[in-house]
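Asks: In case you want the letters, here they are:
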Amino acid sequence: MWNEILLTLQDANTQWVLFGSILLGIASGVLGSFALLRKQSLIGDAMAHAALPGICIAFLLYGTKSIGWFLIGAALSGLLATYFIQSIIHHSRIKEDTAIGLVLSVFFGFGIVLLTKIAQSENGNQSGLDDFIFGQAASLVGNDVKVISSVAIVLLIITYLLFKELKLFTFDRQFAKGIGLPTGLLNALLMTLIVSAVVIGLQAVGVILMAAMLITPAISARYWTDRLDRMVIIAGGIGALSGTLGTILSSMANSLPTGPVIVIAATLMFLFSLVFAPKRGLVSKGVKLYKLRKEVARETVLQTLYDLTESTTTSGGEIEFTPQAIAERRPMSDRKLQANLLSLEKEGLVVNSGDKWKLTSNGAVESYEITLNNRLFETYLMYEMKFAHLQLAANDSWNYKELSAETLNELKGYMAVHDRTPKLDPELFATFGNHDEQKREVN
Amino acid sequence: MNPVDISNVTVAYDRKPVLQEVTFNVPEGKLIGIVGPNGAGKSTLIKAILGLVPTASGTVRIYGKPYKAQRKLVGYVPQRGSVDWDFPTNALDVVLMGRYGHIGWFKRPGKKDTKIAMQALDKVGMKEYADRQISQLSGGQQQRVFLARALAQDATVYFMDEPFVGVDAATEKAIIALLNELKAQGKTVLVVHHDLQTVKEYFDWTLLLNKRQVALGPTEEVFTIDNLQKTYGGRLAFLDQQVNQPFVQQ
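The listed protein sequences derive, respectively, from chains A and B.
Residue numbering for the first sequence follows the numbering used here, beginning at 4 and increasing consecutively.
Residue numbering for the second sequence follows the numbering used here, beginning at 6 and increasing consecutively.
Please note: incorrect hints may appear among the correct ones.
[Said to hold, decoys possible] Pairwise CB distance ranges (calculated):
1) Tyr417(A) / Lys178(B): 21 to 27 Å
2) Lys70(B) / Leu292(A): 56 to 62 Å
3) Phe279(A) / Asp19(B): 48 to 54 Å
4) Lys288(A) / Lys70(B): 50 to 56 Å
5) Lys178(B) / Phe275(A): 46 to 52 Å
6) Lys73(B) / Leu164(A): 20 to 26 Å
7) Asp200(B) / Asp232(A): 36 to 42 Å
8) Ser62(B) / Thr270(A): 52 to 58 Å
9) Lys73(B) / Leu292(A): 49 to 55 Å
10) Glu7(A) / Glu133(B): 52 to 58 Å
11) Phe275(A) / Lys116(B): 36 to 42 Å
12) Gly71(A) / Phe111(B): 27 to 33 Å
[Said to hold, decoys possible] Simulated pairs of lysine-lysine, DSBU-like, Cα-Cα distance not exceeding 35 Å:
13) Lys389(A) / Lys35(B)
14) Lys178(B) / Lys415(A)
15) Lys178(B) / Lys404(A)
16) Lys282(A) / Lys132(B)
17) Lys389(A) / Lys216(B)
18) Lys128(B) / Lys415(A)
19) Lys128(B) / Lys404(A)
20) Lys132(B) / Lys288(A)
21) Lys117(B) / Lys282(A)
22) Lys205(B) / Lys415(A)
23) Lys178(B) / Lys389(A)
24) Lys282(A) / Lys128(B)
25) Lys389(A) / Lys188(B)
26) Lys73(B) / Lys42(A)
27) Lys42(A) / Lys21(B)
28) Lys98(A) / Lys21(B)
29) Lys404(A) / Lys132(B)
30) Lys42(A) / Lys216(B)
31) Lys149(A) / Lys120(A)
32) Lys389(A) / Lys132(B)
33) Lys132(B) / Lys415(A)
34) Lys389(A) / Lys205(B)
35) Lys116(B) / Lys42(A)
36) Lys291(A) / Lys349(A)
37) Lys112(B) / Lys149(A)
38) Lys42(A) / Lys120(B)
39) Lys291(A) / Lys132(B)
40) Lys282(A) / Lys404(A)
Hints listed in this document are in silico derivations from the structure and should not be mistaken for laboratory results.
From a predicted model like this one, the values you see are computed outputs, not experimental measurements.
Note that the Cβ used here is the ideal one computed from N, Cα and C, for glycine as well.
Work out the full structure: start from the sequences and follow the hints.
Replies: Below is the structure:
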């Protein structure tokens, strides 16, 4: 297999094609990032499909295959489709997704009609237009590669030079306009850049799958970074890698179209990102969830011990508890409870004597903190309206130490009203608890 | 010369006028609240001044010249909800955007710009959050990042669109202190504001707006029941319970 690949790579034409695919991958990854962030992923798809009739008309008018005219035809009909989409949205109540669906299918259908017509004509067989459906990198000749590469390089240079402006425009259009950036022009420029990236990829990747080439590297890159400059570079890299793989594999198997192979390669990289990316990836999220569950179980046991101790001191009873008593208060499987108690023992937060467990002085401090935090949170939930300014989203973690002194006092007030103030002072507990003396109650 | 001078500004969306023949000018070094009911055209007024929406008629002058010639004198805080906070960028980067107008085309922000941006973040108490991805910030913190970006613009006239929405009381006070600091430096700040109860406390001048301009002047002169009635019309019943308090003192 490796020999075969090396052999393929020694071919001068393949090297050319490879060079073109890499540049194409970089350009579509980079510009795809902007399309993605502007929420225009579908527009790219529409442009690619809509390019087909443009290519066919260019062939009919020029009479033979010419990359230059094809690009112009594709760009013109792509832009025309975009214009139709915009006007449908503007002049009717039809939403963007529907408008895209309408225009895309009409253009593509018309393109297929023209394509069939050409295939039936005299010189139809050598037109090579079929390659534009699924893409055939191997069909690129030296001249095609030169044109595609030059366009890709120009696109990359423009993006590099105007990176700052394009970033601001994509993030905050109003502010960009306010400081005097010509947003209308930038919009047109960015649109043209994206159309160009789509158009130069058509022959290699095909009209059907070109949108994936634009979006998949970009969305994969988003998993790895929180910075636009890095996202653009990573997306370019993923695009280049997909382009390389697709080209090599499809040149080895003669009838294999390039587009699907490139897209499968890009999708594999996306899946890898989805699963393994730090912070956003599924594995990282799973690990976080596992840790969270572990922590919740640990806190549950500690808080239960605190609750039980708190309620016993007033009645002056035992301060040691059996696992059954703990499980009765907050149900937990025996095995889980035992495991948690043992690990708490290792932490020095609980001690056991025979079958019974009790908090150590450190355990008292820890469990007091947990209890206070949880009860403040309960209180917050009761008075959520009053604390709306905290702007807590449903999944935000709660830590009372992050509250302002003012808010905390207010919350403590409400907590006292409901008699939820933790009554065992851990410091007293620390002093007396160690010597098994009866703990004093605060208040 | 007046920092903001507007005459006969009319804005219409689809033939429906949103602002009608608004004419006013404001003196330098004042903190001015723009107050009016929902849909009164408060945000539109700011956008019209900054050329973000086309005006059907009228002229806007910033220190005697059209806005286009005076861009560097103007700082802008848009509504927080107007951008996608999941955008891959951090707080410092957003504040640096305030420098773009000064940097010019093609060039990247330099050390001096970064220093100014960091100072601006420091002023709003967000220095520690410089490297944070912006979606990880709370609503109030995001608002302060926008404020810092406006500060980094190093402007003389500031326009702020509802900077107190979704901000806690403490942050609101901190922002007001900052605005007063700007005022003390002779800068003019116009703020679209919703909460009638704090108008008297916060603003030297008030612009009451409901499609047309109802009143403009020092807050103690124009923030009267009479003017509020003209501004809010039938909504005053609700208003009475909310706002009567401050008037009783008059």
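Asks: Indicate, hint by hint, whether the structure satisfies it.
Replies: Hint-by-hint comparison with the structure:
1. For Tyr417(A) and Lys178(B), the hinted distance range of 21 to 27 Å is satisfied, since their beta carbons lie about 22 Å from each other.
2. Under the hint 56 to 62 Å, the C-beta atoms of Lys70(B) and Leu292(A), about 58 Å apart, fit the expected range.
3. Between Phe279(A) and Asp19(B) the C-beta distance comes to about 50 Å, which sits within the given range of 48 to 54 Å.
4. A beta carbon spacing of about 54 Å between Lys288(A) and Lys70(B) agrees with the range 50 to 56 Å that was offered as a hint.
5. About 48 Å separates the C-beta atoms of Lys178(B) and Phe275(A), a value consistent with the hinted range of 46 to 52 Å.
6. A hinted range of 20 to 26 Å for the beta carbons of Lys73(B) and Leu164(A) is consistent with their spacing of about 24 Å.
7. Distance hint check: the CB atoms of Asp200(B) and Asp232(A) are about 40 Å apart, consistent with the given range 36 to 42 Å.
8. Ser62(B) and Thr270(A) have their C-beta atoms about 55 Å apart, which keeps the hinted 52 to 58 Å range intact.
9. About 53 Å separates the C-beta atoms of Lys73(B) and Leu292(A), a value consistent with the hinted range of 49 to 55 Å.
10. A C-beta distance of roughly 56 Å is found between Glu7(A) and Glu133(B), which places it inside the suggested range of 52 to 58 Å.
11. For the pair Phe275(A) and Lys116(B), the supplied restraint of 36 to 42 Å holds, since their beta-carbon distance comes to about 38 Å.
12. Checking the proposed 27 to 33 Å range against Gly71(A) and Phe111(B) shows it holds: the Cβ atoms sit about 29 Å from each other.
13. Of the supplied pair hints, the one linking Lys389(A) and Lys35(B) holds, its CA atoms being roughly 33 Å apart against a limit of 35 Å.
14. Taking the CA atoms of Lys178(B) and Lys415(A), the gap is near 23 Å; set against the 35 Å cutoff, the hint holds.
15. Taken as a hint, the Lys178(B) and Lys404(A) pair is honoured in the structure, with Cα atoms around 21 Å apart against an allowance of 35 Å.
16. Under the criterion of a C-alpha separation no larger than 35 Å, the hint pairing Lys282(A) with Lys132(B) is consistent with the structure, at around 23 Å.
17. Taking the CA atoms of Lys389(A) and Lys216(B), the gap is near 33 Å; set against the 35 Å cutoff, the hint holds.
18. Note on Lys128(B) and Lys415(A): the hinted pairing holds, with a Cα-Cα distance of about 31 Å set against a maximum of 35 Å.
19. Restraint check for Lys128(B) and Lys404(A): the C-alpha separation of about 23 Å stays at or below 35 Å, so the hint holds.
20. This hinted pair checks out: Lys132(B) and Lys288(A) have alpha carbons roughly 28 Å apart, not beyond 35 Å.
21. A hinted pair counts as satisfied when its Cα atoms are at most 35 Å apart, and Lys117(B) with Lys282(A) qualifies at roughly 33 Å.
22. With a C-alpha separation of about 32 Å, the suggested pairing of Lys205(B) with Lys415(A) holds against the 35 Å cut-off.
23. With a C-alpha separation of about 18 Å, the suggested pairing of Lys178(B) with Lys389(A) holds against the 35 Å cut-off.
24. As the CA atoms of Lys282(A) and Lys128(B) are separated by approximately 30 Å, the hinted pair is consistent with the 35 Å bound.
25. For the suggested pair Lys389(A) and Lys188(B), the alpha carbons sit about 32 Å apart, so the restraint of at most 35 Å is met.
26. The straight-line distance between the Cα atoms of Lys73(B) and Lys42(A) is roughly 30 Å, inside the 35 Å bound, and the hint therefore holds.
27. Taking the CA atoms of Lys42(A) and Lys21(B), the gap is about 30 Å. The hint holds against a cut of 35 Å.
28. Restraint check for Lys98(A) and Lys21(B): the C-alpha separation of about 23 Å stays at or below 35 Å, so the hint holds.
29. Of the supplied pair hints, the one linking Lys404(A) and Lys132(B) holds, its CA atoms being roughly 20 Å apart against a limit of 35 Å.
30. A distance of roughly 34 Å separates the Cα atoms of Lys42(A) and Lys216(B); the hinted pair therefore holds under the 35 Å criterion.
31. With a CA separation close to 29 Å, the supplied pair Lys149(A) and Lys120(A) stays within the 35 Å bound.
32. A hinted pair counts as satisfied when its Cα atoms are at most 35 Å apart, and Lys389(A) with Lys132(B) qualifies at roughly 29 Å.
33. For the hint pairing Lys132(B) with Lys415(A), the CA-to-CA distance comes to about 30 Å; that is within 35 Å, so the pair holds.
34. Between Lys389(A) and Lys205(B), the direct Cα distance comes to roughly 24 Å. Compliance with the 35 Å bound is thereby established for this hinted pair.
35. Taking the CA atoms of Lys116(B) and Lys42(A), the gap is near 33 Å; set against the 35 Å cutoff, the hint holds.
36. A hinted pair counts as satisfied when its Cα atoms are at most 35 Å apart, and Lys291(A) with Lys349(A) qualifies at roughly 23 Å.
37. For the given pair, Lys112(B) sits about 30 Å from Lys149(A) by alpha-carbon distance, which is consistent with the 35 Å threshold.
38. Pair hint Lys42(A) plus Lys120(B) holds up; C-alpha atoms about 33 Å apart against a cutoff of 35 Å.
39. For the hint pairing Lys291(A) with Lys132(B), the CA-to-CA distance comes to about 28 Å; that is within 35 Å, so the pair holds.
40. Distance restraint check for Lys282(A) and Lys404(A): the Cα-Cα separation of roughly 25 Å lies within the 35 Å cut-off, and the hinted pair is therefore satisfied.
Of the numbered hints given earlier, the model fails none.
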